[in-house]
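One-letter residues, chain by chain:
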Amino acid sequence: MIGADFDAILAAAKHGDERAFAVLYRDLQPPLLRYLRVIAPAVCEDLAAETWLEVARGLDRFEGGEAGFRSWVFTVARHRMVDLRRREARQPVVPVPPEAFPDRSDAGDAADAALTAISTRAALALIGSLPPDQAEVVALRIVGGLDVAQVAAIVAKRPGTVRVLSHRGLRRLAERLEGGVHASGRGGAVTQ
Amino acid sequence: MSDEDALDDEMRHLRPPSGFGPDPLALDEGTAERLLAGQLHPADAPPDYRRAAMVLAAAAAPPSPDELAGERQAVAAFTAVARSIPHRAAPRRQPVLTRFVSFKLAAAATIAALSLAGVAGAATGTLPDPAQRVAHQMLGGAGVPGPDDHAAQTAGDKSSTTSGHHPTGPDATGAAKAGLCRAWAAGQGGENGKKFDATAFQALAEAAGGAGRIAEYCADVISSGGHGQQGQSSKPPTTDAEHGQGQGSGQGSGQGNGGGQGQGQGNGGVPPSTRPNPKH
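So the sequence lines, in the order shown, correspond to chains W and P.
Our numbering numbers the first residue of the first sequence as 1 and each following residue consecutively.
Our numbering numbers the first residue of the second sequence as 1001 and each following residue consecutively.
So here's chain P without its partners, still in its complex pose (with noise of 0.2 Å):
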C-alpha cells in the first residue's frame, strides 16, 4: 500500500463521512468475514457489496479442467521422488535418511560412490577421514546445497522440464542399495567398516528394517558377485535430471581424489579395490 492509500485509509476511518450520509461501504466485521469465508451468497451482500461478493464467489468458482493440466506432471514427479527413497514407508525414518532424502538421487549416487571409497578404504585402512571428506567435497562440488529451500528450488526448475519422462527412480535406489550392501559386507567384522560413514550405514538399516537384518536385505546384492546396477551407466543422464547431476557429482569427486572413485561410481561392476586408491 502507498503512503497515499494508507493516509486515504486513515482519513477515512478518522473522518466520518458528514457530507454524505452515512459510510455506505461500512462493513460490520461478521458481514465482512462471511463474505471472505464464501459464506454469504452475492444476493445477500449488503447492496454496496454485491458485486465484491460475485467477483469473490467467481474466484473461488470450481475447479476448470486446464487448473488441473500439470496433474500427470507433478504425479510423475511424485513417483520420481517416492522411489528415490529406499522402503518410503518405513516406521520412524530417522532424520538422517530424512536428510538424504533431500538430496534425491544426487544423494543416491552420492551413497554408492562413498560404499564404493568404504570398501577401498576398507582394504587400506585408510578410512573414515577421508570418506567424510569425499562426502563433504561430493556434495559441495555437485552444487547441492545445504538448506531445504536451495536444494527444492534447483530440483524444481529441472522437474519442470524433465519430469514428464523419467522412469529411472529404482535405478539410483538399485544402485545405492547395491553400494551400501558391498560396503558393508566388505567392512563386516573388521573396524573400518563399522566406522566407515555410520550415517551411510543407518540408511542401510533403515532401508534393511533394522540393523540385524541386513544380510538378508543385502543377500541378493552380496551373492550376486558384487555387480552394481547395469542400469545407472547404460542410460544417458539426459534421461532424468536428477540422475545427471547424481553422476556428475561422482566424477567430480573422482577427480578430486584421483580418479578411480568416479569411475568406480560410473561401472558399478568393476571391483573398486582393483582400483589404485589415491592416497597410496
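Same shape as in the complex, but just chain W (with noise of 0.2 Å):
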C-alpha cells in the first residue's frame, strides 16, 4: 500500500508522469500478478501486461481513492481473464509437486522450519488447486490485501457467499497441509 502519498501520486499519474506510474505499478503489480498466477498460471504475466495496460489508458477516468484504485486494477484483471476464458478452453490445473510441501511425519520445528522456507511460487499454486472459486477469493484477500466487500464486488458476488468460500478454501489448505489424518480420516466416515 502506498499510503498518504496515494492522492498525489496518482493525481502526477494522471498528469502523465511516469516515475509516479512507475510507483504505482511496484506497489500493484506482485499482487496483481501473484493473483493471476493463482487463477491462471500459465498467462498470468500476460494478463498482468494487459491489465496495465488498460489501467494506463483508463487513468484519467479512475476517481477514488488509494483501496478504490486496488479494486479497479483487479477488476480489470479478472475482466481480462474472463476474457481469456471466453476464447480458450480452461487452462488444466497444474498439480502440486508433493515435494512443495514437507513430509506430513515432520514434526514441531523441523516442519515449521521447513514451511518457513516455501516458496510464494508453492504457496501460489497451492492455493491455485483449491477449488477454483475458493482460490480466487482466497488469493484476492491473501495477496490482494483486499477485504470481503472490495472481493465481493471484483467477483461480483454477495460477501457473505464470498466468506464461505474463503473459509471453505481455508479449511481445504488446512486439511491438505495437515496431511490425512483429519481430513481422510473424516472423509472415509462421511462416506460410509
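Don't take every hint at face value.
Claimed, not checked - Taking beta-carbon pairs under 8 Å as the criterion, some of the chain P residues facing chain W (in silico):
#1 P1022
#2 D1028
#3 L1035
#4 G1038
#5 R1051
#6 V1055
#7 A1058
#8 A1061
#9 P1065
#10 E1071
#11 A1074
#12 T1079
#13 I1214
Stated by the list, open to error - Output of the computed footprint for chain P on chain W, the stretches with three or more beta carbons under 8 Å from beta carbons of chain P:
#14 1 to 9
#15 18 to 26
#16 39 to 49
#17 64 to 73
#18 122 to 129
What the hints contain is simulated information worked out from the structure, not anything from laboratory work.
The structure displayed is predicted, hence computed values, not measured ones.
Think of the CB as a built atom: it goes at the ideal place given N, C-alpha and C, for glycine as much as any other residue.
If you follow the hints, you should be able to join the two separate chains into one complex; please do so.
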C-alpha cells in the first residue's frame, strides 16, 4: 500500500508522470501477478501486462482513493482473465508437486522450518489447486490485501458468499497441509 | 467445486464428527477473518491451521525482483498512451475525447485523415455526411471494436510485444493536431467547417483549452504552410504497432472512397484540395 502519498501520486500519473505510474506499478504489480498466477498460471504475465495497459488508458477516468484503485486494478485483471477464458479452453490445473510441502510425518520445529522456507510460488500453486472459486477469493484476500466487500465487488458475488468460499478454501488448505489424519479419516466416515 | 466436494463439505457440516471428537478444523469466524487478512502470525494460529497460515504468509511475502521485471515495458506503454492523448491533464475532459483515447494512435491518425477530408469537403460543400460515413468505415475497416474490452485486448496483445520500443507518441498527436487545425482553418467562417464532424472539433477545442483558443493553439500549424508531420510517413510502421494500425485504417478508407484521402494521410504535406474528390 502506498498510503498518504497515494492521492498525489495518482494525480501525477494522471498528468502523464512516468515516475508516478512506476510507483503505482511497483506497489500493485506483485499482488496483481500473484493473483493472476493463482487463477491463470499459464498466462499470468501476459494478463498482467494487458491489465496495466488498460489501467494506463483508463487512468484519467478513474476517480477514487487507494482502496478503490486497488479494487479497480484487480477488477480489470479479472475481466482480462474472463475474456481469455471465453476464448480458450480452461487451463488444466497443474498439480502441486508433493515435494513442495514437507512430509506430514515431520514434526515440530523441523516441519516449521521447512514450511517457513516454502516459496511464494509453491504457496500460490497450492492456493491455485483449490476449487477455482475458493482459490480466487482466498488469493484476492491474501495477496490482494482486499477486504470482503472489495472482493465481493470484484468477483460479483455477495459478501456472505465470499466469506463462505474463503473459509472453505482455508479449511481445505489446512486439510491438505495437516495431512491424512483429519481429512481422510473424516472423509472415510462421511462416505460410508 | 465438484458435486462430490460440495456434498462432502455439506455432509461435514451436517454431521458432527461424533466418532472423532471435536472437529479439529472448526474455525471461528473471527480467526478465519484474521487469517485471511494476514493479521494472524502462523505461530498464533490454531494448531491445525499453522501450516495453512504459513502458506498464506508465503503467498503474501515481500515482492521479489522478478515480479517487477516488466516495469520498463509497462512504463513505456503508459508513456505511449499518455503521449497519444493531447493535453492529458486538461481539466474536465469531455466524453468524446475519452472515447478517442480508447482508440489511441489509430484514432489520432483517423482524426488527421478526417480533417483532410474535411478540408476537401469544405471546398466542395459535400460534408458532413460523407465524412461521417468515412469515420464509420475507417473505424470498422481498421478492426477497431467499440467496447473498451476488445480495444484493450487487441492493443494489449500488441503492446506485449512492441511496447518496449516506441518513441513515436508525439508524432501522432502532432499529426492529429495539424490535421484538425487545417480543417478548422479551412472551415472557419463557413457552414461546412462548423458542421464537419463536430466531435473532432470538440476534441480540438479540448486540446486547445477552449473553443476560443483554437486559433492560438493552431497558429504554428496554420502559419507553417499546412505541412503535416513529416515524421509519420518517414517512420516504418513496424516500429510501432498502434502507428501501423493508424496508417492502415487511413489507407483502407482511402480505397473505399476513391483513394485520395488515403494518400493524403500518408503525405500530410500535400494539400488535399489538389486531390480529386472521390464523389465529384
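Do the hints match the structure? See the list:
1. P1022: With Cβ-Cβ at 11 Å, over 8 Å, it is violated.
2. D1028: 10 Å, violated
3. L1035: 6 Å, holds
4. G1038: 6 Å, holds
5. R1051: This interface hint holds because 4 Å falls under the 8 Å limit.
6. V1055: Cβ of V1055/P sits 5 Å from chain W, so the hint holds.
7. A1058: 4 Å, holds
8. A1061: 5 Å, holds
9. P1065: For P1065/P, the interface hint is violated, since the closest Cβ of chain W sits about 10 Å away, which is over 8 Å.
10. E1071: Holds, about 6 Å.
11. A1074: Holds - the Cβ of A1074/P comes within 8 Å of chain W, reaching about 4 Å at its closest.
12. T1079: 6 Å, holds
13. I1214: 22 Å, violated
14. 1 to 9: It is violated: at least three residues are needed, and the region 1 to 9 of chain W offers just 0 whose Cβ sits closer than 8 Å to chain P.
15. 18 to 26: holds (count 5)
16. 39 to 49: holds (count 4)
17. 64 to 73: violated (count 0)
18. 122 to 129: holds (count 5)
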